[in-house]
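Participant: Using the sequences and the hints given, assemble the complete structure.
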Amino acid sequence: MCPMTIRLTMRPRLLFFILILLTGSPLFAESDSGGSYNLLIKIGLDDDWFIISRSNLASRDDFTDTFFRYTGGGLGYQLTDSWSLRGGYRRAWIQLQGDWLPENRFYLEGFYATRWDAYRLTNRARIERRTFDYREDDVRLRNEIVIEGPAGLLGESLKPYFEEEFFYSTKADRFEANWLGGGLAWRPAKGVKLKLGYRWNRFRVGGDWRNRHVLVTGLNLFF
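The numbering used here puts the first residue of the sequence shown at 93, with every later residue one more than the last.
Mixed in with the good hints there might be a few duds.
In the EDC-like style, the derived pairs of lysine to aspartate or glutamate whose C-alpha atoms are separated by at most 20 Å in a straight line are [as the list claims (entries may be wrong)]:
(1) LYS251 - ASP300
(2) LYS263 - ASP229
(3) LYS134 - ASP173
Each pair of labels, with its calculated beta carbon distance range [stated by the list, open to error]:
(4) SER145 - LEU193: 17 to 27 Å
(5) ASP265 - TYR129: 16 to 26 Å
(6) THR223 - PRO280: 16 to 26 Å
(7) TRP192 - LEU171: 35 to 45 Å
Because the hints were derived from the structure by calculation, they are not lab data. No residue lacks a Cβ here, since even glycine has one placed at the ideal position from N, Cα and C.
Facilitator: Listed below in structure tokens is the structure:
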């Protein structure tokens, strides 16, 4: 087995080990909890072009406050079997002091997907132009890595996954958030994927770092 194969095979185990360590960390002593509820729709136009749409609702304060939401869509092109390029627009709202404040996001992203043995790896690199009415505009960089494991004893349609994503503000010149988590992905039928998982959301509020335990649900539909 070559060194690259060994590294790729060990990566899901390493992420799982890191996740266990973090869940026992003192950082979790004073943390918030909430949910992130996601809908993704992908529609193929032909062999190369597709439309993709994502929507989200998020809650905090022990699931009592639905404070954030977004929806949007974009156009994608499949460059190769592994690489695709997407661009689009997203409208987001955050609730601050009782008011829903809007945000415009214009994004461009590259997406890579590959398989080795029974594992699947995806990497999404995104640049977002964010505009606001209530604060200064920003350009944010995001990178998400997801590793989906083999089915094993869970059945062919139910697989574990591990994910990590960072958020970097170019205006503030600093990391603004990091997501680390895992869960189960289930494909009950062709074109349907359900996700249920846990995410540790570590994010900045001003100059301070905060933590939130997040229950993540997802419905992905492919046409």
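Participant: Determine for every hint whether it applies to the structure shown.
Facilitator: We went through each hint and held it up to the structure:
1. LYS251 - ASP300: Violated: LYS251 and ASP300 sit about 36 Å apart, past 20 Å.
2. LYS263 - ASP229: holds (8 Å)
3. LYS134 - ASP173: holds (16 Å)
4. SER145 - LEU193: 17 to 27 Å: Given range 17 to 27 Å: holds, Cβ gap about 22 Å.
5. ASP265 - TYR129: 16 to 26 Å: Roughly 32 Å apart at Cβ, these two residues miss the hinted range, so it is violated.
6. THR223 - PRO280: 16 to 26 Å: violated (39 Å)
7. TRP192 - LEU171: 35 to 45 Å: Hint holds: Cβ distance 38 Å, inside 35 to 45 Å.
Hints 1, 5 and 6, counting from the list given before, are not met by this structure.
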